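Read off the chains here:
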Amino acid sequence: NAGVTQTPKFQVLKTGQSMTLQCAQDMNHEYMSWYRQDPGMGLRLIHYSVGAGITDQGEVPNGYNVSRSTTEDFPLRLLSAAPSQTSVYFCASGPGTGSNQPQHFGDGTRLSIL
Amino acid sequence: ILNVEQSPQSLHVQEGDSTNFTCSFPSSNFYALHWYRWETAKSPEALFVMTLNGDEKKKGRISATLNTKEGYSYLYIKGSQPEDSATYLCALDGSQGNLIFGKGTKLSVKP
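Going down the list, the sequences are from chains H and C.
Numbered per our numbering, the first sequence spans residues 12 to 125.
Numbered per our numbering, the second sequence spans residues -15 to 95.
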């Protein structure tokens, strides 16, 4: 059971480049989300999805797009990378509110924008 | 947006000491409170999910209590060990499964 798998683990981009961070889970979880972690800021929610075909914005959505075409996958897209997006990104999945179950996190993607 | 506060921000203890830290949140709009343990260069690991006022949960030397009426949860570690060194995150599940995280308490346990 792989849990939540994030790729890549590390990436360096130049300002203005685009890229997609991949996230896949094999636990049949309805809820998936993306967080960014910055020093002194804790984990902040970027986008989330409560099921295939449904996405919504979190606390810090600007500069990021998401889609949820399948239950398993929830990619995060940076359309035009900016230095302010240098961060560690975590994907998480869970059964959703009402399950009393925790969310499961991927190992993170460390992204640097030059 | 719900505001989750954790204190202290950091804590340094000696091996064998017992310690505790606090998570505070608005007592309204509460569904569940999550505690995670987060080691450097790893992903957050779930410790507890608590939903009921007065809830107490325990896993080994770590335990947690919840008071939803006054809006706080305590995490206790009995007899701290160096391997307990990590950041302990509290998160509130307010709706739709979204977790609003506090900034964490960073615990360092010296041998």
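Be aware that one or more of the hints could be misleading.
Computed footprint of chain H on chain C; a stretch qualifies when at least three of its residues, placed anywhere within it, have a C-beta under 8 angstroms from a C-beta of chain H [stated by the list, open to error]: (1) 53 to 66; (2) 83 to 94.
Away from chain H, derived, C-beta distances all over 10 angstroms, residues of chain C [to be verified]: (3) S8; (4) T35; (5) K43; (6) A75.
Calculated from the structure, these hints are not laboratory results.
On a predicted model such as this, the values are computed, not experimentally measured, just so you know.
We put the beta carbon where it would ideally sit given N, CA and C, even for glycine.
Structure versus earlier hints, numbers of those that do not hold, lowest first: As far as the earlier hints go, 1, 4 and 6 are violated by this structure, in ascending order.
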